[in-house]
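**Q** Using the sequences and the hints, build the whole thing.
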Amino acid sequence: MILTVSHIMKRFQNPVLEDVSFSVRKGEFLVLFGPNGCGKTTLLHIIAGVMQPDSGSVRCPKKIGFVFQNYRDALFPWKTNLENIAFPLELQRVPKQERLRKATKLVEKLTLSVPLNQYPYQSSGGEQQLVSLLRELLSKPDLLLMDEPFSALHHESRAYLRNTVQDLARKLKLTVVFVTHDITEAVQLGDRVVLLNSKKEVRVTLSRAERVVHSKAFQRMRKKFEAHL
Amino acid sequence: MKKVLSLVLLLMFWIFLTWTNSVHPVFLPPMHSVLHALHDLLLSSGLDVMSTLGRTIAGFLLGVFIAVPLGVFLGVHRGLYNTVSWYIDFLRSVPVTAMFPLFLVFFGFGNTSKIAMSAWASGFILLVNTINGVRSTKLNRRVMAQVKHATRTQILTKITFPETLPFIFTGMKIGTSWSLIVVLVAEMFIGTTHGLGRRIYDASILFDTPMVLACIFIVGCVGLVTNYLLTLWEKSVVHWKV
Ligand SMILES: Nc1ncnc2c1ncn2[C@@H]1O[C@H](COP(=O)(O)OP(=O)(O)OP(=O)(O)O)[C@@H](O)[C@H]1O
Ligand SMILES: [Mg+2]
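Residue numbers (our numbering), protein chains in the order written: chain B, 1 to 229; chain P, 230 to 471.
A few of these clues could be false.
[Unchecked claim] Cut-off 25 Å, straight-line C-alpha distance, at most; resulting in silico cross-link-like pairs (BS3-like, lysine-lysine):
| no. | chain 1 | residue 1 | chain 2 | residue 2 |
| --- | --- | --- | --- | --- |
| 1 | P | Lys-232 | B | Lys-79 |
| 2 | B | Lys-79 | P | Lys-464 |
| 3 | B | Lys-63 | P | Lys-231 |
| 4 | P | Lys-367 | B | Lys-10 |
| 5 | B | Lys-26 | B | Lys-109 |
These are calculated hints, taken from the structure and not from any lab test.
**A** Right under this line is the structure:
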């Protein structure tokens with residue numbers, strides 16, 4: 001198990017997380033599903049170690065990536081998209097030329113089209129979210145946390161990025177914890193879905209080919225999933 | 230083009246009024262006498278202009294160098310800020326002109342107290358702006374860096390400070406005008422051998438309206454130019470906001 005979350009409790013004014021436990025295998029794509037305000041972001045913050053739980057424990061790898069819901073608050077507007085992607089290497093004091101070269105290489109390797117020399121505010125929402133995803137991938141995280149990364153995007157870019165993440169996760173054998181309250185997203189991406197409210201788990205038994213929204217199997221899985229809500 | 234035309238019309242109106250003697254020259258002197266005073270001011274007493282400008286810049290820079298680091302520090306340490314915010318709010322509510330006597334006691338009648346007052350005035354504006362800027366920085370950016378094991382210094386210099394820059398620039402633009410105002414007032418009331426404030430004061434006692442207008446013109450130009458330069462600088466640095 002690359003991530004083990006055991007009996008997490010957290011309350012602010014009201015209890016938010018009550019006895020949350022689950023674990024994630026290496027290479028697994030886990031979806032955390034729950035309605036607004038049920039504590040999904042709080043849980044990710046606790047996993048990432050930037051917030052302490054009241055009780056319970058987390059075992060988590062050192063190198064994690066974090067993709068946020070609001071890409072506007074996550075990228076640096078004073079840096080170009082390329083410099084944003086290279087930021088993790090800047091923290092490791094890699095010289096500028098070298099880190100920009102490495103960032104460019106990553107984008108080329110993944111054959112994604114990103115306006116590298118534009119600033120984030122000159123790029124579309126989808127492009128910006130892709131940039132913040134690439135920034136996290138550059139540091140080759142052992143675990144990638146994604147907090148409703150597409151919910152602030154338009155419909156088309158949402159579908160495009162969903163497919164991109166699906167491809168990348170497979171190609172790069174990523175281990176992902178993906179938060180969402182979108183059923184389509186959960187079913188298309190997840191190997192397993194943890195329902196935070198009812199603490200149930202749903203295994204998504206779809207093959208690669210069946211993970212397209214219009215397939216019969218997909219719709220059946222979706223129905224089965226809805227039955228658990 | 231319209232701007233130039235409106236200026237020409239305004240000047241012609243001025244000439245017309247003085248030509249026909251419809252206004253007493255104490256209220257509106259003829260243009261040539263103002264130009265003459267301006268010429269005087271710039272050639273024979275360029276020192277006045279330079280003194281005022283020098284004090285303003287010195288005070289403003291002093292304000293920046295004290296207030297910006299202090300503001301970042303207080304903005305980051307919220308607990309400390311909550312304890313001292315009360316004092317800051319009180320002190321910035323007292324017009325610095327009311328504190329002239331204190332500055333005189335501490336810094337004497339020379340340049341030091343004028344510069345200190347001007348630093349105080351712009352410093353408080355910058356302090357408040359910087360603190361607000363730091364406090365409005367986005368949590369997600371810091372979380373992202375923390376997850377990557379960034380040091381506190383890295384977060385401060387690579388994230389918090391650049392994110393605060395738009396607020397600092399706003400503070401600087403308001404701060405420069407306050408520095409100028411306070412220097413002028415200080416020159417008028419504390420006195421000085423050279424300085425536009427003193428010039429205005431002396432001229433007004435003698436009802437030398439051309440000189441008053443010439444001084445006002447210079448002060449206006451100084452204000453306009455500083456604001457223009459700061460705006461240019463702002464546009465190149467915080468390009469994402471403007
Ligand atoms: N730092 C905090 N202080 C106080 N209350 C908080 C804090 N962070 C979160 N909360 C509260 O905890 C609850 C869960 O918040 P959280 O952001 O984790 O929910 P979420 O599931 O991510 O919601 P959303 O779907 O809107 O993103 C909310 O009621 C929120 O008001
Ligand atoms: Mg959330």
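**Q** If a hint holds in the structure, say so; if it doesn't, say that too.
**A** Consistency of the hints with the structure:
no., hint, in the structure
1, P:Lys-232 - B:Lys-79, "violated, 38 Å"
2, B:Lys-79 - P:Lys-464, "holds, 15 Å"
3, B:Lys-63 - P:Lys-231, "violated, 62 Å"
4, P:Lys-367 - B:Lys-10, "holds, 23 Å"
5, B:Lys-26 - B:Lys-109, "holds, 23 Å"
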